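Chemist: Below are the chains, spelled out letter by letter.
Number of protein chains: 2
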Amino acid sequence: MIAWSQHAASRTSRLRPSAIREILKLTQRGEVISFAGGLPAPDLFPVAAIREASERILSKRGAVSLQYSTTEGDPELRAWVASRYAGVRPEGVQIVSGSQQGLDLVGKCYLDPGDVVAVAAPTYPGALRAFEAYEVRFRAVEIDEDGMVPESLAEALESGVKLIYVIPDFDNPTGATLSLPRRHAIVDLARAHGVPILEDSPYSDLRFEGDPLPYLVDLAPDVVIHAGTFSKTMVPGFRLAWLAATPEALAPVTRAKQAADLHTSTFTQMLALEVARGGSLDGQIAKVCEHYGSRRDIMLAALDRELAGVSGFRWTRPHGGMFIWVSGPDEFDTTSTAHAAIEAGVAYVPGEAFYADRRRTDGLRLSYSVASPEQIEVGIARLAAIFRAA
Amino acid sequence: MIAWSQHAASRTSRLRPSAIREILKLTQRGEVISFAGGLPAPDLFPVAAIREASERILSKRGAVSLQYSTTEGDPELRAWVASRYAGVRPEGVQIVSGSQQGLDLVGKCYLDPGDVVAVAAPTYPGALRAFEAYEVRFRAVEIDEDGMVPESLAEALESGVKLIYVIPDFDNPTGATLSLPRRHAIVDLARAHGVPILEDSPYSDLRFEGDPLPYLVDLAPDVVIHAGTFSKTMVPGFRLAWLAATPEALAPVTRAKQAADLHTSTFTQMLALEVARGGSLDGQIAKVCEHYGSRRDIMLAALDRELAGVSGFRWTRPHGGMFIWVSGPDEFDTTSTAHAAIEAGVAYVPGEAFYADRRRTDGLRLSYSVASPEQIEVGIARLAAIFRAA
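Protein chains in written order, with my numbering: chain A, 909 to 1298; chain B, 909 to 1298.
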């Protein structure tokens, strides 16, 4: 008989279950309107295009598509990915099994125990979890509606940082987009301090308004490892994403990937490439943007109407992506109101999960990607009632 | 400008590229007969069944099959996996992205830097790579035609071991199968010392002769984490496998999996379950066994004919799986003859790669899974000529 928990490696004490997944389990009970998940809307999945692609691949290249393949990824898919960037060559693309694996492998290759990662406060909890497995510490950097604040990052860098983690577009959870001057300022800081940036960019294609801004990796391929994905533009169920950087930056990542899972599914790589090349991906992205954009408008209008009168509350106005961040008064505790909200039939993610130190509780994340217009109206009204009562 | 190699984490110095993959690259040049790869024969893939499964899933459950899903894996697939074992419950199954990820996650959860892993010498290099990323040391255990030698394992355990890694059936690279008395002896040793066993079982279903022996996890679910896979029985391109153990043993593994890649592809899980349930998997396995069994016979006959006269050479006679292990005289160097062999148009994997300390060079691995009968005859004759000359 093994006492498994006593036998476990020291790093496992850092592996916390996801607070979001716990909330999501609760929302599956009964008639809860969920603004909690970060799920793409399944009605928009390009099922017909995938069905055709699957039929074509299995009828013409069945054996190849189901065999082992290279650790780096399908050469044609790597070339397709590289063509989406100004500063990336196909040899600088590593296919991974979802962006989360990209974050994990960068952590595995570039973070020793005790190293410091600079992250926005709040930031994506999946990134915190990926890096925590390597027994690192976090340094919180301020973030506002123009994204990560360079002055705050500069301070962090002075105290010693090994990696900077940035979500440039339609941030999870704040919805913020890093302004162009700040993009330049942040890569300049990274260069000056010799500290690499991990640019996590799952939402960048989902822009409803304004002009696209250059990726950090295109501004500064010498200091940036970029993570992109099909999860939000095509489907998440393939678990298909990529890292894009210089071949030098990715050399250890490819070796780590080989040790971690040999390679990403040959079949889903070929499926995604076939769908992307079929020309339907841009139309698909336009459809997703229109859908999410209209839901964002409805949610912002509902917040303006229902929550404007509740003292101390404010919220972000994202130009794309899936998330709005709501802040209450400083002493407000969104963790304790979350349970009351679920009892009232509405779910959100309490802000606590987005802070490395879990100290701030005044924020919460709302997702507008899967709720219907009516659910958004009803759900925001219910939330406002709870916040007024609290 | 970042000096990436200087910036890398200490563990990356352990991440060596795969010697086998380097050999495989060479075999793609020209007319090389390859006994080097561990690839399943692609002509045997159940492409028609997968095509039908894909069509059924995408037409009826398209949205669900392409959405995010749970970290543990598809509940129905977990139940199907559990039903293949005597001592495993569905809650004790964690779906992973290929067995390699299973090895990596067990390493991540149960190995601290400096810990010792007991491995057969020789053993599967992918396991060495997975564990090396966690900065462990290896303790070599003897292996013969009846598998890992319990007396040698007992000695290793006396000196302090954190994990025992065992391939019970048709070992990679030796082809050995662990005898029933040794299975009992090894789980008894693990229990007595309170050291868990990782049972890596990718080939167990590919038995050509003799009766199946019980899995270690069925003999001792209290001390064993078992890894099984669809890669050798269905297709490797899905990257779909599982760990089976007690829920306590897998609790940290599930959290580590969440941090590593959220979950395994929803779509490939549903595809594999549909094919497995369609009833064609047992027929598929029988077809693979018949094919590999006849190839093994041809290769053994060729070795008996061509190599019997070459002094000091001997080879194993596997009862299943994909590999024969050839040993030369003690001073023989299969690494240096590998290049001559490739020039003569035949490839194998030099034995060096299968030893944690890379000290022994007298062995080599032959795979009979993909070569044609004629290629086997010609290739073994070429090899014998080279060994005679060396």
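Take these hints with a grain of salt, some might be off.
Repeated chains share a single entry, so a pair holds when one copy, or any two copies, can fit it.
To be verified - SDA-like cross-link-like pairs, simulated, lysine to any residue; straight-line CA separation at most 25 Å: (1) Lys-968 <-> Pro-950; (2) Lys-933 <-> Lys-1070; (3) Lys-933 <-> Arg-959; (4) Lys-968 <-> Trp-988; (5) Lys-1070 <-> Ser-921.
Hints listed in this document are in silico derivations from the structure and should not be mistaken for laboratory results. All values derive from a computational prediction rather than experimental measurement.
Chemist: Using 25 Å as the alpha-carbon threshold, which applies to Lys-933 and Lys-1070: within, between, both, or neither?
Modeler: Neither way: Lys-933 and Lys-1070 sit 35 Å apart in one copy and 35 Å across, limit 25 Å.
Chemist: Given identical chains, is Lys-968 near Trp-988, meaning Cα to Cα at most 25 Å, within a copy, between copies, both, or neither?
Modeler: within (21 Å within a copy, 30 Å between copies)
Chemist: Is it within, between, both or neither when you check Lys-1070 against Ser-921 at 25 Å Cα-Cα?
Modeler: both (22 Å within a copy, 18 Å between copies)
Chemist: Cα distance capped at 25 Å. Does Lys-933 pair with Arg-959 within a copy, between copies, both, or neither?
Modeler: Classified as neither; 30 Å inside a copy, 33 Å across copies.
Chemist: Could you place Lys-968 and Pro-950 in one of the four classes (within, between, both, neither) given a Cα distance threshold of 25 Å?
Modeler: between (28 Å within a copy, 14 Å between copies)
In this structure, the earlier hints numbered 2, 3 are contradicted, and the remaining ones agree with it.
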